[in-house]
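Spelled out, the chains give:
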Amino acid sequence: MYSASELPEFLAAVSSATNPQVALARGVAQMAGTFDAEVVAIIKGDEVLASIGYPKGKEPTTDLLAAAQRRSGTIKVPGSGLATASTFDLVDSSCTVVIARADLPLTSVELGHAQAMGRILELALRLMDKLTENERLLEEHRAHEAVLEAILRIQQLISQRQPVETILQAITTEAVVLLDADLAGVALHTQSGPAHGSLGTVTDEGRQLGTELASREILQAGLEATLSSPGVPTSITLETPMGEGKRAQITGVPVFDDGNPVGGLFVVSAGPSLPDVQIDTATMETFASQASIALTDASTMDELEHAFHDHLTGLPNRALFQDRFNHALELGVRRNTTTGLLFLDLDRFKTVNDTFGHSAGDVLLREVGDALRQICRACDSVARLGGDEFALVLEDCHPKTALIVANKLLANLADVTNPTRAADGTGVSIGIALSEPGCESVDELMRRADIAMYAAKAGGRGKAVLYKPSMGQTRLDHNAAANALRRALERDEFVVHYQPIVDLRTRQILSVEALVRWMDPEKGLVPPGAFIDDAEETDLIVPIGRRVLEIACEQAARWRRDTPGASDLQLSVNVSARQLWHDGFRRDVQDLTADAGLDPSALTLEVTESIFLNDADSAGERLRDLKSLGLRLAIDDFGTGFSSLSYIHNYPFDVLKIDRAFVSGLGTSENSGAVVRTMLALAQQLSLVSIAEGIENPSELAQLRALRCGQGQGFLFSKPTTAENLERMLGNRRKTSVPNSPVGL
Amino acid sequence: MNQSASTASRWIGVGSSRKTDPVQAATEATQAALLGTDPKLVVVFCAISFPLERLVGQVGALTRGVPMIGCTTAGEITTNSAHDDSLTVCILGGDFTATTGVAVSASDDLHAAGSTAAALESSERPHEVLMLLTDGLAGNQQEVVHGAYAQIGAGIRLVGGCAGDGAAMAKTYQFHDGRVFENAVVSALIGSDSPIGIGVQHGWRPKGEPMLVGRSQGTTVFELDGRRALDVYLERAAVPLDLGRDEETFTNFAMTHPLGLHRGGGEEVRFINGADFDSGALNGIAEIPQGSLVWLMEGDRASVLEGTRASCEHALGELDDHDPIGLLLFDCIARRMVLGDAGVEAEMASIGAVFPPVATAGFYTYGEIARTSGVRGFHNQTLVTLAFS
Numbered sequence: 001m002y003s004a005s006e007l008p009e010f011l012a013a014v015s016s017a018t019n020p021q022v023a024l025a026r027g028v029a030q031m032a033g034t035f036d037a038e039v040v041a042i043i044k045g046d047e048v049l050a051s052i053g054y055p056k057g058k059e060p061t062t063d064l065l066a067a068a069q070r071r072s073g074t075i076k077v078p079g080s081g082l083a084t085a086s087t088f089d090l091v092d093s094s095c096t097v098v099i100a101r102a103d104l105p106l107t108s109v110e111l112g113h114a115q116a117m118g119r120i121l122e123l124a125l126r127l128m129d130k131l132t133e134n135e136r137l138l139e140e141h142r143a144h145e146a147v148l149e150a151i152l153r154i155q156q157l158i159s160q161r162q163p164v165e166t167i168l169q170a171i172t173t174e175a176v177v178l179l180d181a182d183l184a185g186v187a188l189h190t191q192s193g194p195a196h197g198s199l200g201t202v203t204d205e206g207r208q209l210g211t212e213l214a215s216r217e218i219l220q221a222g223l224e225a226t227l228s229s230p231g232v233p234t235s236i237t238l239e240t241p242m243g244e245g246k247r248a249q250i251t252g253v254p255v256f257d258d259g260n261p262v263g264g265l266f267v268v269s270a271g272p273s274l275p276d277v278q279i280d281t282a283t284m285e286t287f288a289s290q291a292s293i294a295l296t297d298a299s300t301m302d303e304l305e306h307a308f309h310d311h312l313t314g315l316p317n318r319a320l321f322q323d324r325f326n327h328a329l330e331l332g333v334r335r336n337t338t339t340g341l342l343f344l345d346l347d348r349f350k351t352v353n354d355t356f357g358h359s360a361g362d363v364l365l366r367e368v369g370d371a372l373r374q375i376c377r378a379c380d381s382v383a384r385l386g387g388d389e390f391a392l393v394l395e396d397c398h399p400k401t402a403l404i405v406a407n408k409l410l411a412n413l414a415d416v417t418n419p420t421r422a423a424d425g426t427g428v429s430i431g432i433a434l435s436e437p438g439c440e441s442v443d444e445l446m447r448r449a450d451i452a453m454y455a456a457k458a459g460g461r462g463k464a465v466l467y468k469p470s471m472g473q474t475r476l477d478h479n480a481a482a483n484a485l486r487r488a489l490e491r492d493e494f495v496v497h498y499q500p501i502v503d504l505r506t507r508q509i510l511s512v513e514a515l516v517r518w519m520d521p522e523k524g525l526v527p528p529g530a531f532i533d534d535a536e537e538t539d540l541i542v543p544i545g546r547r548v549l550e551i552a553c554e555q556a557a558r559w560r561r562d563t564p565g566a567s568d569l570q571l572s573v574n575v576s577a578r579q580l581w582h583d584g585f586r587r588d589v590q591d592l593t594a595d596a597g598l599d600p601s602a603l604t605l606e607v608t609e610s611i612f613l614n615d616a617d618s619a620g621e622r623l624r625d626l627k628s629l630g631l632r633l634a635i636d637d638f639g640t641g642f643s644s645l646s647y648i649h650n651y652p653f654d655v656l657k658i659d660r661a662f663v664s665g666l667g668t669s670e671n672s673g674a675v676v677r678t679m680l681a682l683a684q685q686l687s688l689v690s691i692a693e694g695i696e697n698p699s700e701l702a703q704l705r706a707l708r709c710g711q712g713q714g715f716l717f718s719k720p721t722t723a724e725n726l727e728r729m730l731g732n733r734r735k736t737s738v739p740n741s742p743v744g745l
Numbered sequence: 001m002n003q004s005a006s007t008a009s010r011w012i013g014v015g016s017s018r019k020t021d022p023v024q025a026a027t028e029a030t031q032a033a034l035l036g037t038d039p040k041l042v043v044v045f046c047a048i049s050f051p052l053e054r055l056v057g058q059v060g061a062l063t064r065g066v067p068m069i070g071c072t073t074a075g076e077i078t079t080n081s082a083h084d085d086s087l088t089v090c091i092l093g094g095d096f097t098a099t100t101g102v103a104v105s106a107s108d109d110l111h112a113a114g115s116t117a118a119a120l121e122s123s124e125r126p127h128e129v130l131m132l133l134t135d136g137l138a139g140n141q142q143e144v145v146h147g148a149y150a151q152i153g154a155g156i157r158l159v160g161g162c163a164g165d166g167a168a169m170a171k172t173y174q175f176h177d178g179r180v181f182e183n184a185v186v187s188a189l190i191g192s193d194s195p196i197g198i199g200v201q202h203g204w205r206p207k208g209e210p211m212l213v214g215r216s217q218g219t220t221v222f223e224l225d226g227r228r229a230l231d232v233y234l235e236r237a238a239v240p241l242d243l244g245r246d247e248e249t250f251t252n253f254a255m256t257h258p259l260g261l262h263r264g265g266g267e268e269v270r271f272i273n274g275a276d277f278d279s280g281a282l283n284g285i286a287e288i289p290q291g292s293l294v295w296l297m298e299g300d301r302a303s304v305l306e307g308t309r310a311s312c313e314h315a316l317g318e319l320d321d322h323d324p325i326g327l328l329l330f331d332c333i334a335r336r337m338v339l340g341d342a343g344v345e346a347e348m349a350s351i352g353a354v355f356p357p358v359a360t361a362g363f364y365t366y367g368e369i370a371r372t373s374g375v376r377g378f379h380n381q382t383l384v385t386l387a388f389s
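Order-wise, the sequence lines are chains A and B. All residue numbers for the first sequence refer to this note's numbering, where the first residue is 1 and numbers rise by one. All residue numbers for the second sequence refer to this note's numbering, where the first residue is 1 and numbers rise by one.
Read the hints as simulated data drawn from the structure, not as lab findings. Everything numeric in this text was worked out from a predicted model, so none of it was measured. Note that beta-carbon positions come from the ideal geometry of N, C-alpha and C, so glycine has one too. Any given hint could be a false lead.
What the hints assert, rightly or not - To list a few chain A residues with every Cβ distance to chain B over 12 Å, as calculated:
1. GLY53
2. LYS56
3. VAL77
4. SER80
5. SER108
6. GLY584
Claimed, not checked - These stretches of chain B come out as covered by chain A in the derived footprint (C-beta under 8 Å, 3 or more residues):
7. 144-156
8. 300-310
9. 366-380
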């Protein structure tokens, strides 16, 4: 990409040439270098004054002259074939410049810069002509030298990316001196309303004008002069507020932004000696082209800034971030290193906005942005992706490093998102994804980090979580689901149904398994499959589970106490992994059984193999801890997961529940019962009680009996049913077994 | 030792010798490289420690009538390894074409020297490249490239490097047709019917914000961001200003902290080889123009090796699926210093990982030349890979 900073370099090269031929040769070489163009030629009439890009002495003069005349089209570039030729005229010296670049034609911005170079070249050539022409013109030489120096100063401001107002001010100040005018200005159109711009003056006359007239009027006059007769001095009468007309001469030349005329650079001469004023329009145009460069450069920078940065935080936006991330990933692939992606999402940001207003939310976002910038290494890319989402790329990143960085972010951002700001406190959840062979695309890693971030939120917020394939493929609309579940909890819409577990020999009810249902006032009874996943991911499973345990313990205690013949009834309650890991869980069990007056030995907690997924040792510890309360533990859905037998072997289980998948179709040719037989043998060896799940027909029951399975549950005996229905069944307990037809739902 | 490759009609042989006797060394290396009866170009890279007249004279005598160019180096590269105090001879033969040139007293007018050296008759083969070996201590080498470009135009690409002298940076020599020159540009225009690939890559990355070159003259920078260039440079590099008081410490540091220069064709690296501690000026070996924007660059072994890989892959890619038969490498001395001895081995291994085993010759340079598009073509701290098929 071309940089405006190369103009001073051009200036230095051509203005130090000792004769016009050298200046021209340097000019074409410099232009070629600046725009990385293979061919540059300067043509006057039917003569090629200078060119570069062709073997010496073999310049295709006819082609170049044709290109100069055509003003566009293509030209042959040696070694590269045809290329688009850009041309423009140097009016003062009746020359045409032809530039051809093999890969891409010059952009309009580059063409503008090339024209500025052309002007400088003209100026330098004119200077040389005059030098050789006559010593008397030494004075003019100095003047021109002064113009070149002024341009260098202006160029430095442009290179330093000074505000465009500063640059325009400098241009008008330099112009007013060098053009020997009373006042100079750059006047710019506005969409509606009067012209705006910048004025410069150094003379008393100019100052007086400036005081007597509003700058707006002068700018408007300058703009009009530029539009009506560019480059031609116009006499005007400026009306002062005192009512006296002031005669002045005004000359304007157009300035451009990205090739479009946007106003003019003008000079004003006033005072008694008016008729003698001579305006050097070539020098004016030189200054005008500087103003054009400054405006174009400023709008380019603005656009760049606007296109790639987030206005609120000043951080790169999603577009720039994706670009940088992509680059980092490519580099990672080449270097064979891992690239890490951290997704940050403010917890409860919506609450901040809702409670304290959007401006408070904006302040918080800005502060988080600042904090992220401070924490991150220079080579890490930080971005705001939108809303309350931020992202961070870690190059050459070990999984451990990613977690360390994430935890550091959590710690540092805790200050920023301090609860003093928001009543219930915001925090940050971080999802981490790492590149790996086969997963090196921006989209896939962003998806993974997103899923991990939601897992972090589901895990209790304020956490950092590394993506695992087990987290699934998609992220659900958790917010809506979470809100509904939270409301259901508040309104106590969760109810418990019970399914009897019977002695397979006698069909007597030994125990009941408590199963949660959601009595949605709108949808009716919602089965657990429809909401348990959401409850798990939003962590609401913990309070829901607690409520289920509470209801079931109270119910079981009541039955044991009040229902004749049910004094030894056992209760089974399912416990999710998340509940188990919840620090208050053991305490809850202890309190709830005590409050209900249920002997812990009457309670069996059922867990699935998934509790061993993350940290089997700690899971074992938790189980032993629970067991010490005096209750019993069952392993549920046994055989369906990834379990190895070692789980039951090494942990304090009392009950093994054989999943319905192994029970279904028992005794048919498809299911010979070999698996069930093995499980039963295992259970027997470990002195576990085995319970078969999902018994649906008499032949399955017969097979299980034959295999000496002690207990079972299933539709054959009863579907899960309400407490009332179950109570009725319990009333019959001593007399008969569970009826053959399902009761209840 | 020797390594060779050829197609039906073209061949490239490389021979190397570590013997100290110039006649023995020249004989060993030349005989190993001379694979056929129709040699077209002899390229000689050798350490400055040899008696050069006798060494080059002997190579010339053994390849009488065959055009020859060469130079002294800061380390010679031969197939799979790099050495000091050795001689590498590379011979292109068969259906290659080659003409050579020499321009003396280059420092008087570098632009003219470039033009003179490039004034060679084109063979009109579909693939042509002009190789330039120059005296990097003779001034701004971009001028040589400009001069050569102005002479031959955009149709022929330029490659090459600046001769070395160990690491003494005192005086280098160029060879042409059995004779030894100093302050010269020697050239060879090589033509082929089969593609010739060029790869150019440095291995540095920009660090921090850009700086504006306020005042500079040729290869010397006086002011950066309106202040003493040396002070700003050290500040940006975040090293103590004391470093700018000891010449040797500074040179060693600067070797691995070049400046990046924004150019139309992309980013170029400018090697800083010294400073004037009184005036606070920085000295480079290529022009750093007034008004340009520069960055401090940093690199490490990994980034340099990454540059190697990219340079080789690009050159290979340009062969358009033709089998490579030989490589010429122009590798910056500063890259060698960053890599160290073990790193040089790693670099040779990474070249071997890109190319199948082919005859390889080259040298560690004081500046690299590669003009493939646009008009600029002088590089610093870069690896230029020239691959023949």
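Next item on the list: Of all the hints given earlier, name the ones this structure violates by number, lowest first.
Entry: As far as the earlier hints go, 1, 2, 3, 4 are violated by this structure, in ascending order.
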